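One-letter residues, chain by chain:
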Amino acid sequence: MSIKKIIACERRSLGKVSKFQLPHHFKKVGWVLFIVSFISLFASSIIITDESLKSTIVVIVKYTMLIGLLIVSLAKEPIEDEFIKSMRMKSYMIAFILGVIQTLIMPFITLGAETIVDGGSTLKPVNDFFVLWVLLFCQILVFHVFKSTAND
Amino acid sequence: MTNSLKVERAILDLTQDDLAKKIGVSRQTINSIEKNRYVPSTVLALKLSALFNKPVNDFFKLTEED
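Just so you know, the protein sequences line up as chains C and E, in that order.
In case it helps, my numbering puts the first sequence at residues 4 to 155.
In case it helps, my numbering puts the second sequence at residues 39 to 104.
Hints were generated in silico from the structure; no laboratory data involved.
This one's a predicted model, so the numbers in the text were calculated from it and none came from an experiment.
Virtual Cβ for every residue (Gly too), placed ideally from N, Cα, C.
A few of these clues could be false.
Unchecked claim - Straight line, CA to CA, 30 angstroms or less: simulated BS3-like cross-link-like pairs of lysine-lysine: (1) Lys85(E) with Lys93(C); (2) Lys44(E) with Lys79(C); (3) Lys88(C) with Lys85(E); (4) Lys44(E) with Lys19(C); (5) Lys79(C) with Lys60(E); (6) Lys60(E) with Lys22(C); (7) Lys150(C) with Lys93(C); (8) Lys79(C) with Lys31(C); (9) Lys73(E) with Lys150(C); (10) Lys92(E) with Lys44(E); (11) Lys19(C) with Lys60(E); (12) Lys31(C) with Lys60(E); (13) Lys59(E) with Lys150(C); (14) Lys8(C) with Lys44(E); (15) Lys92(E) with Lys30(C); (16) Lys88(C) with Lys44(E).
Said to hold, decoys possible - Reference excerpt, derived from the structure (chain E facing chain C, CB under 8 angstroms, subset only): (17) Asn41; (18) Thr67; (19) Asn74.
In isolation and in its complexed conformation, chain E is listed as follows:
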């Protein structure tokens, strides 16, 4: 799975720390999601979706490996 979390974060002019605080997670979590080392839960994906005001599919994409 790939994601464009970094781009969406840049659009809102948020640092990793800002974004982490807004959705109640640690900065490491945001960093790991951005680097595709961690796939977030549905709850976290929906929190991001609400914050970015976009559907989850817009910033999380399945790859051929999935």
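The shape of chain C in the complex, shown without the other chains:
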């Protein structure tokens, strides 16, 4: 297969992936999954006493929270037109930039805070769950703000 054919094939595949979206009703499914997971996160720390089981459940619940937010993020609007798509793309761009900035800055903020409180600490990378949570939450929030201001 020639290089041109490979590039054309890759372009088609990327085009399909970039257009992938879920139907609008998945937005509710995503929010329900997120809220149930969020409540379960606190409930598990109270109900479950076994530490190893608790840590396993916390990891699973954190993943389901992220899956819930991802479903909300990928769900279409009732009318998904070009303007909505442009706002969606802008919200992904802003969320991506904020996510990168947060990943770069947070370790230093944490180090500074821990130094003030404990008097010394080491530089630790940002938790992957926290990065993904901020990315998805920022995208959903920014997209919502864009949609709200479009009505004015």
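Starting from the structure of chain C, add chain E where the hints point.
Positioned in the frame of chain C, the structure of chain E alone reads:
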């Protein structure tokens, strides 16, 4: 870019919602175009042109900034 979409809509006695439904977009899209916050694609501009029965240049004008 400026536009006279609001005037053209008024000539046809259409609300933003009516116009949005006729060309298959959301009301926010029409609102944002009218307020010059969003420049529509060629496809959408041609849909508007067909509906108003006028060339695109009649209701979309380039400004000096463009």
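Hint numbers not upheld by this structure, sorted from lowest to highest: 4, 14, 15, 17 and 19
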